[in-house]
Structure formats: structure tokens, C-alpha cells
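Please arrange chains V, B and Z on chain Y, whose structure you already have, making use of the hints.
Protein chains: 4
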Amino acid sequence: MSSIMGNKIKISVFGQSHSKGIGVVIDGLPSGKKIDMEKVMAFMERRAPGRNAYSTKRREPDTPEILSGLVDGVTCGAPLAMVIYNQNQRSNDYNNIMDTPRPSHADYSGYMRYNGFNDVAGGGHFSGRLTAPLCFAGAVCMQILEEMGVNVYTHILSIKNIKDDRFNPIKIENFEIGKKDFPVINDAKGNEMKAEIEKARLNLDSVGGVVECAITGVKAGFGDPMFDGVENQLAKNIFGIPAVKGIEFGNGFNATTLYGSENNDDFCIMDGEIKTVTNNSGGINGGITNGMPILFDVAFKPTASIYKKQNSVSISEKTEKELQIKGRHDPCIVPRAVPVVEAVAAITILDILI
Amino acid sequence: MSSIMGNKIKISVFGQSHSKGIGVVIDGLPSGKKIDMEKVMAFMERRAPGRNAYSTKRREPDTPEILSGLVDGVTCGAPLAMVIYNQNQRSNDYNNIMDTPRPSHADYSGYMRYNGFNDVAGGGHFSGRLTAPLCFAGAVCMQILEEMGVNVYTHILSIKNIKDDRFNPIKIENFEIGKKDFPVINDAKGNEMKAEIEKARLNLDSVGGVVECAITGVKAGFGDPMFDGVENQLAKNIFGIPAVKGIEFGNGFNATTLYGSENNDDFCIMDGEIKTVTNNSGGINGGITNGMPILFDVAFKPTASIYKKQNSVSISEKTEKELQIKGRHDPCIVPRAVPVVEAVAAITILDILI
Amino acid sequence: MSSIMGNKIKISVFGQSHSKGIGVVIDGLPSGKKIDMEKVMAFMERRAPGRNAYSTKRREPDTPEILSGLVDGVTCGAPLAMVIYNQNQRSNDYNNIMDTPRPSHADYSGYMRYNGFNDVAGGGHFSGRLTAPLCFAGAVCMQILEEMGVNVYTHILSIKNIKDDRFNPIKIENFEIGKKDFPVINDAKGNEMKAEIEKARLNLDSVGGVVECAITGVKAGFGDPMFDGVENQLAKNIFGIPAVKGIEFGNGFNATTLYGSENNDDFCIMDGEIKTVTNNSGGINGGITNGMPILFDVAFKPTASIYKKQNSVSISEKTEKELQIKGRHDPCIVPRAVPVVEAVAAITILDILI
Amino acid sequence: MSSIMGNKIKISVFGQSHSKGIGVVIDGLPSGKKIDMEKVMAFMERRAPGRNAYSTKRREPDTPEILSGLVDGVTCGAPLAMVIYNQNQRSNDYNNIMDTPRPSHADYSGYMRYNGFNDVAGGGHFSGRLTAPLCFAGAVCMQILEEMGVNVYTHILSIKNIKDDRFNPIKIENFEIGKKDFPVINDAKGNEMKAEIEKARLNLDSVGGVVECAITGVKAGFGDPMFDGVENQLAKNIFGIPAVKGIEFGNGFNATTLYGSENNDDFCIMDGEIKTVTNNSGGINGGITNGMPILFDVAFKPTASIYKKQNSVSISEKTEKELQIKGRHDPCIVPRAVPVVEAVAAITILDILI
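Residue numbers (this note's numbering), protein chains in the order written: chain Y, 443 to 796; chain V, 443 to 796; chain B, 443 to 796; chain Z, 443 to 796.
Derived from the structure by calculation, the hints contain no laboratory data.
Here the structure is a predicted model, which means the values were calculated and not measured.
Accuracy of the hints is not assured; some may be wrong.
[As the list claims (entries may be wrong)] DSS-like cross-link-like pairs, simulated, lysine-lysine; straight-line CA separation at most 25 Å:
1. B:K605 / Z:K605
2. V:K760 / Y:K613
3. B:K450 / Y:K450
[Said to hold, decoys possible] If you anchor each label on the Cβ, the simulated ranges turn out as follows:
4. V:D541 / Y:K641: 29 to 35 Å
5. Y:I612 / V:L644: 31 to 37 Å
6. Y:D623 / V:C710: 38 to 44 Å
7. Z:K613 / Y:E762: 54 to 60 Å
[As the list claims (entries may be wrong)] Facing chain V, a subset of chain Z residues (Cβ under 10 Å, in silico):
8. N449
9. K450
10. G470
11. G519
12. A520
Where is the CB? At the ideal position from N, CA and C, for every residue including glycine.
Next comes chain Y alone, as it looks inside the complex (with noise of 0.2 Å):
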């Protein structure tokens, strides 16, 4: 149950870290349509790890192998199924139990929750690593969208307290945001940004941040009211990505601090159809697409892997004890959740409109 999501189009991750492979099934997708394969290969290229300074210097060669749904590259309507067969498999005689647990990682709740037999190398089911499946489904689901007319956009919003400007809510125009090195609209504060994260790093360290992410092209009428919304399932899915631990649509939090008259969103007709002069409700109303962009913000919390020492315990002994992390770790995951927010959003959203 853990690892699936979605209604028409179920999504079933599987993997850990260290196992032979990890991989996602796709079932629902409509029939009769052409995947490109290299399309996929570029998107997930943007979550892929050590692609420059400021992320870790591992390696992974992420090629995906499709081992049914499609045929000659288009879809035939059976689940599509892809693997990716890890580079770094557990060795047999691996330690089982790590019994010292890094703070605020799953280490301890996830060994409670399966007794001690979970997975622990390299983080295993709750890896960021699944993270990689997640996005080679979004890009799948990201070209039938495309077909459609929907477009899903994402940028870093902040790093710590360095804002980017945020999308037009309106109107987006940054199109190719996706594919810039570091996605930010205004350069000049990336470049701060990126700072930020080497500070992090050198301190030993780590930094979090908020993407912010847009949908366009979904007309209104989409959705449903109570508890399968839009912002409903938006945000269960969202919550399935590591270190997130915020979502807030349009105006959000900052909405509470505002008087209605200022937060509505009043409603005009523009080139013949109706929209709304602000988009603070972030294109939903009652659970529903009311025809203006989709909003939302994602906030990602720090690194927990840092390599400064830290209090930990010892499950078996109960005893306190301290514990210094060793291997490779981002000092700042937002900008490789970046396109994993933009996955996350895409098949979810094909998901409602399917």
C-alpha cells in the first residue's frame, strides 16, 4: 500500500538503496502513445547526482530498462514497467542492524515500524534514490500531458533565507527554466543561493529551501470537492517525496495574514473568457481548477546527513551515544528535487485530468 499511489494511474515504486535494482510499474496509461526516450533520459539527467559542485560527487549511471508497456515505443495499454539495476548492491555479509540512528532520518521510526529488519544501507526504501523511478514516471507522464496542452514548471524558491522571484501567477513565461543548471528565475540570487549550500558544506553542514511549482493548461472543472481535490492529492503525493515537510497552495501561509478583500481573487473576462485579475487561490477553489494556474509551494527541510557529530542512541543498549556520518551526501537536496517536485506534479495531475 506503502508505495503505490494514484487511482486511474497507479504508480508502484519499488527498491532500496542497495538492492539488485530499483524501478517503477505504470498502470493506466493510455494506449497509443509515443514515448521519447530521450526526452525521458534529459529529465531525469536533472536529478541525477554529481553533476557539479554543489551537489554529492557519486556517480550514477541511471539508465533505465523498460521491460514491458511499450511496444516500438508506444504505449499498448499493459503496465509499463522499468528497472535500474544499482551499481552499489548491498554486499551479502552488510551489517542488518544499524543500531545507531542519524537524527531526523527514517533509521529509528523505520526500524521500529519493521522490527529491525528494514533495509538500512544507503537509507534503503526511504533513499532519495527512489526518487530516480519517480522521475522517470513523471517524465512518461509529463509528455502525454504535453499532448494535452499542460505544462508543468518548477524552480527553487529559496534557499535558507535567499528568495527567487516567483512565477508569474498569471501567466508563466519560463519556459525553459527546467533544463537551466541551477533552476532559478533570477540568477543573480542563484548565484547567492549556491554560496549558501558551499557555507553549508564547508561547516560541515546543510542547507534546505522551498521549490515552488506551476501547472498550466488545465481548464476548470477539474477535481472534485472534500477529500480527493486537487490540493488533496497534490499533497498526499507531494509528501511521498524525502525531506518535505510543507505544502501550502497560492497564497498559503502568507494568506493568513492577509484581509479577504486583499486575498480574493476577483474574477474579470479576458480575451473573451473568464479568469480572475490575482491568482491567490492557486487555480483552486473548493478542491477544483478553476482554470488559472495550479500554485504551489514545496518546503524541503536540510539535509539531515550532515558530518558535524550529532547525539544518537544505541536501539539495543538504550543508551546515549554520539555518532559521526560517514559517505557522500548533498549539503542541499532542493536543487535535485527540483524536477521531482515537477514528476510528483505531472502524474498526479494526469492522474485527475485521465
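Using the frame of chain Y, we list chains V, B and Z on its own:
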């Protein structure tokens, strides 16, 4: 699909603001649980309108009538169904077409979703009135949770820019907060909030705010990774409450401005148990509880129904048109939303624990 | 979970035989559909008891009260909720423990499932009375199906060893069969069946039978392979009707005694359309409709409640004990089950088509 | 949606007959369970083709490769993913359009469902080959069930008109039946069945049959009333096996020819426990187990692929056309279907019990 939530405990909410009745069917409750109806009524009373100066003057005598599921006040395993008969039922000659949608309401998106057949009287199925059955269901679930040692606490964290104190994230002790007429920790701040609401009311305007929720007594190891974690499910359901535009867990958006070394929760041994020194994670890591209180904030936008003139359109004529809203509306729905958040949290967490 | 069915159209049934009310919430109906309540009532009347000699003497004036979901008789997109108030409500002093379970009833299994807290009065939630709301939901769905050119027909195929004729599997023409007092194609066989039922009644015994159902007007290409096919979904829901012990599609069990060359449905061109010469597949191949009528048989066991003395046990004392059942029970529930099969088929197929 | 089953344990099957691989993702398995891969392989071997005279000559070396979910052979709580690489992969120049559908196959309905884009090579996703991953999943679940004292037994109940003995419905003792080369209770009848299959083969024809399944060790009180009962779930999943056209529980269709006094299961005390004297109910009353063995029969139609000439059509030209099928097909799939029924029963019952 839209109005049903839950996996093992399923809540099916029905009704429109002016339909004959509104209610809920709760499927999957454990059998043999004595339900104290006086406590249920007392809980529902916390949401009831017209109790004081800062809420609407309407007075709904919301008397739930149990249709099934209880035998001598004890759950029998069959679905527990409840109806509240509406006092204000729509007359047959009600104008079915609300041609001039209210800004930031679901009038327009609902019109598009239902091709103009949606019930617009009093907000129809989108009405805040539908939170009454939610509170009923929540009150029932809460009694079962209490037996399990689990409690849910909520208070107003902010109204506009005025902030209440936070719960102690390590150990909640505000047991009686729900019984307060105006549920804040710091009553002085509460008085400022009331003044702010009154000011908005006099200005024919409205204000929003944030509700903080804490769930205590949940042991480590509940929930699932990825898409069915505790955060995912709480988020999905909380967005079912009208006017919610954001949710964050633990430090939430604030975590994005901290270093990892500031945000990570070090482990410690307390009374022989593994705990964390801080609770910036809000009790959840990797979607799974870690034994600390579950903490989250919910953002409520200012009431969309304000008495100031606003710019709208005629849907049929596609022309711009001024709109002046009548009827009785809360200048701030946050105080009444407090028990609703509590109810949805209770339903969701019981569904996870059972 | 137990009492909810469907994917896009969700049916949530509630009530016990002697609770205050029984009813149903239908979530996901398309908006803008005029529901003819007289036709709904006429359909429900087909299931009503006490209409004639071969059914129980009880007379339930089942008047459904619409609580929500309709505006001026037209679906508004919000859940359609309905309640029927029970005339025979359990008195508070009803003995909650039925210690002596009726053979082949759900008394014992229900006792074990609900730890003795299940409502035993009149069969509780397991009562055949719960098929009244199912018929309501089916009658509503059928009106929407008819607009789409889809019809559902059912008749008694057999009572004990007496067999009615079958529907013409290629082209159903028994349009009025549902309106018959005793719904058989061959009235002479119907008279024999009635005599068989009367004989059982006089012997303080009961008989069962088979209901044949045909769904016409469904084009080729609906359904899904593997676990969500048309057969899977119909089977899942049909077993929700009390006393059903088997289901078969097309030739069903009889197909196992034929050669492939006898059982295969050759294709042909009829009126310019691709059809099959025979319809041994019952309109479904690989879980997906092929454009021929969907045909299936449903086996109803003889009524478990018989007046003959039977051997039971005392659950509390774990001793054997004789049992003589009182109350009023149909010596054969098949005639009244006919519209229930029709209703469940209608709900299921609408869920698939919508 | 189509290829996923289960509530707590979710099985997602992927692959086409000639795709690169076929496989399954099992989500929700309890952690800490040692899986004996040799037993899994031995179980899968029971389904493998080409083992003897009465099955097809093709030989598939179905070697499952575990991608994730196990650590040192023990379930770690993460999804267990498995792939079998196909030996016969489709060439790129394969003619994508099978214009002449095989009678009683999913060729035509699949064409209509997927607008002609379905993979027709070797039956695509509808192929019986997809039962290999089902057997894998079943074999895994069965090991967990055995630990709980639950066992599943299946045998051929009939081939055409030749009937095997039935399991003793009160106490199953045919523990080794699954290991038989030709799984019948009565070997003399088995020889007659083999002769019947051989006769069909020589006539370029095929035969079907019935499989009986018994699940033992399930205590009373599992399942749910109405739509999620044990019968509902077993029926839903069993119809996921290709060629199944009917299912019946306990006496099933035969119960319709009996009097209630003959069909009812009297209670008795046996070894201090409440049992029933007979087991005509097949272990289930009101959707809930009663502690007796769960018994059901599954009808398999004769193999649709026969070598005799048949009448088909050209889909593109809408003209009638003769068809002669080539390739290698079992004249009777029932022997190989026996472990598949066992597997699906195991998966379903584990999902209910867990």
C-alpha cells in the same frame, strides 16, 4: 469518491447546506465501543455557529440522529450512520443558477465541474456546514483513541499577524484548551485576535489564521514510507476542510531557513525510553511516527464571503459585473475550524492506528 | 470498508434490520440527471416483501427519504443520500446476545467477527433488508444507464430443479420481464416453480434457485485485464447480496464440459458490425466487453431460516442445543432477489462505463 | 488499476508475453519473514509448461530475479519486486496489428479497449504467461501463511465430464496433492482425464475443467459483510486468471437444487470447539469465515486456441475470414491452472488475515 476518506475506517460525508439533511456514514469502526453521546454533542457544540460575538449570528440546532451502527449506545460493527436535518431547506423555486460567482469561492469551479447543476444554495456541498458531520465522526473516533491513550489537541496559533504561543513540542500539557471559549494558550493574545476579527467585521472584511494541532500518545512505528505515510494521509484529509490552503509538519516552512545542525532532532534517553531532544520533525520521519508528539499547522485563508463590493462576472453573458454578498458569514472561520482540524486529525490517526 | 463498493461511483450502504433507519449514500453520480422517483419506487416495489403467496407476510412500507444530492429532482453532483426509516425498531431491552446461532446464517461468524457485539435483531447488518437501499441505488443508476442505451434484464432461471428458458444470448427481447409478478420467461415453468416453493413452505422448509442476468447495449472495449475486469467487478459486488454462493459468465461451469470448438464464439459480420455467432463468452473476453450482451447466472442457496427443528449450539456454554426459528421468512428468496441482482448489475456497469 | 489487486498486500503484475520481462511487485508484506527460494521455485515449476505429454511443448526457463524487498533472503518491509526475463522477445518488425482476432480470445476486445495498440504478440498482457509472476507472489504468501497455520490445497475436480473425488469438506487430508504430476485425488480418474485431453489434442481441439480449492486453518471471524467479504475478494481475484468463467463456494450452484434442510450446516461441538457437521457453506457465512475449511470451485473454459479452422473477421475490412491458429498451445490448461488458483487464493487470504 470525492466525499469518502480513509482506508480501514471510511468516512462518507453527505449533504448540502440547504438539502433535507447532512450527515456521515462511518464504516469500519471496531465493535464493542461505548459511545458517549453527551461528549459527542459537547464536541460538536465547539464548532456550532452563533456562540459569540466573533462568529455568525445564525444558530444551527445541530442535533445528530443516529440511524444505525449502535446497539444500546455501543458500536456493533455495522456502519454508523448519522443525519442532521437542516432547518433551512431550499425552497423548490430557488434559483438554481448562481450566475454571478463569489470571488475565491467554489461557485465558479463548481459550476464548471457540474455543468451548472451544482446546488448553490448556501454553498451546497462545499458549505462549511458539512464540517458538522465531520465533527461528529471525529468526536466518535476521539473516544476510541482516548481508550488507546491517544489524544488530539488544537488551538488558534495565529489570526492575521497576531501569534499565540506554541504547544510545547516535547510534552503537550494544554489538556483543557479545547474547552476554552476562544482556544488560545495565551489569553492576552486571544484578546488581540478578537479585536482584529472585530475590526475586520466592522470593515465588512475578513481575516484568516493558522491552527496548530498536536497528537499525543502515538508510539513509534506507525505509518508507511512514500505515499501512505502519516503526513500524506493527514495532508490529504486536512485539505478536505474548506478554506485550508497549507499544511506543515514540525518546523515546516521554517525548517527551510535553518541549518541541518539546527533542525535535526538529536536522540536521547529519557525515562529509559528513546526520545528526541527537540521535535522539529513533528513526530514523523520518513512517513512513520517516531514516538514524539505529532505536530502540524494548518493555514486557513480569510473568509471568502465579505460584504465589501467585489468584481465578478456573469457566467452566462461572459460580462463583468459587480457583486455584493448578503447573508450571514463569519468574519473569521478559524475559531470554529479548530475542532474541525481536531476531528479530521482524530479520524485520520485512528484509521492509521487500527 | 465492508459496506462500500465501486471505484468512480461509490455506494455506501448502512443500517441494520431493526436500527432506526437503513439507507445508502451514492457518491460520484454525474450531475444534471433527472431522477424519476416514481420509477425508482416501482423498481423498489419489485423487491418488497408480502406481495404474494410465495413471499413472507411481513409488509415493509419502504418509503425512501432523499436527504441530499438532488435539486428539484436532478442530481447536483453531491452525494445522493437516502434513508428508509424502519417500522420495527429494536426495543432497548432486546437481548443483545443471540447465543444460539441459526445454521448457515451469519449469526456465528458475525459473533466471532464482532466479539458478540453485532446487532442480531432481525439479522442486523446481514439482513436481506439491506437490499432495499441497494435496489434504490440500482434504480437510480439504471435511469442513467437507459439514457446511454444500456439495459439490464433479469429473471428466475431455476427454482430447485425446475428450469425456465434462457434469454436469447444474442439478442435479448424480454423487455417487460421485470414487470411480471413472477419474473420467468416460461409462465408454465413459473407455475411449477411456485408449486415447488409452496411445497417447501408447507414442509417448513425452503428452496433456492438461479437468477439469470443480461446487460445489453454495452459497446466493445470496456473493462480491464486481470483484476479489474468486468467479470471481477460484477463478481465482487454480486457476492454482496445475501445467500449468493456462485456466479458464472456465459456458458460458465457448463463450458467445462464442452470442446473448445463447441465453446468458442466464431466471429461474423452482422449489419456491418463485428459480432459473434454464439455468445458462450457472455459478452466478455479477457475481462473486457466484446459488444455482445453480458450474461451471467447467480446461484442463491435455499433460505437458511427454516421452521424445522435444527441442531445448533450455545456459544457461551459450548454445548449442543436444538433450535426452532420463529418469525416470518420467505420459503424462497429468489423471486425477491431478482431485482436485487438487477440493481447490483446496474450499479457495477455504470461504475465501469462512466 | 487493472493489474493491481489487494488491500493491505498489493500485487502489481506487469509484462507481456513477448516483452523484455514479466514480473510482479508485492507491496505490504510483513517484515522479518525468511523466504525459501527453493520452495518458491518448486512451486513455480508446477505451473511451468512443457513438463509432460498433456501440456505444450514450449519450455520456459522461468528464473525469477529478485530486484528488491529482501535482505539476505528476509523480507525487509519494502516492496518485493521480481522480474523474469522473457526468452522469446518480440522482434521490432513484428506486425503490430493482429487484424484477424481469435474466437473467444481477448484479441478483439483488447483491440477495442486499446484502439489497436495492444501488444498482440503471444497474447500480450492477456497471456497465460502472466500467471508465472502470480505463482511467484502466491508462493511467497504461502510461506507466510504456513507459519500462521494456514494451508491452501487444490486439485483438478473435473476435465470435461470426468470427475475426480472431492476434498473431504470437513477435514482436508490431501497434503501432498500439489506435488503430484497430475494433481487429482483419484488417479484412475486422472488417467481418464489424460486420455480425454489427448483425444482433444489429436482432434485439434481442446477441453476445460474445474479446479477445487480448499483453504484450511483460518479461524472464524475473518472477512466483512457485504462487498468486502471473503467470497467477494476471492471471486474478484480468481477472475483475474485467464479462462476462468465461474466460481462457486461450498455447494454453490448445486445448493440451488437442495432444500434448506439439506443444505444448512448444523452446528455441533467437536473436540470442545464449535464446528458444523457438514460444510455446504464452504466455510463462509455472510462474507465471514466460520472456522471450517474454505471451499470453492473454479470453472476453466476449454483453451480458446485450437488448431481447427475457425470463422473470424478482418477488423480493418469488416469482412468475414477464416482463421487457422499456429504456435503451441495447451489442449487443456487446467493442470497448469491448479497452482495458479492456489497462488491467487494464498495472496487473497493473506491479504484478509494480515
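Worksheet entry | Non-conforming hints, listed in increasing numerical order | 4
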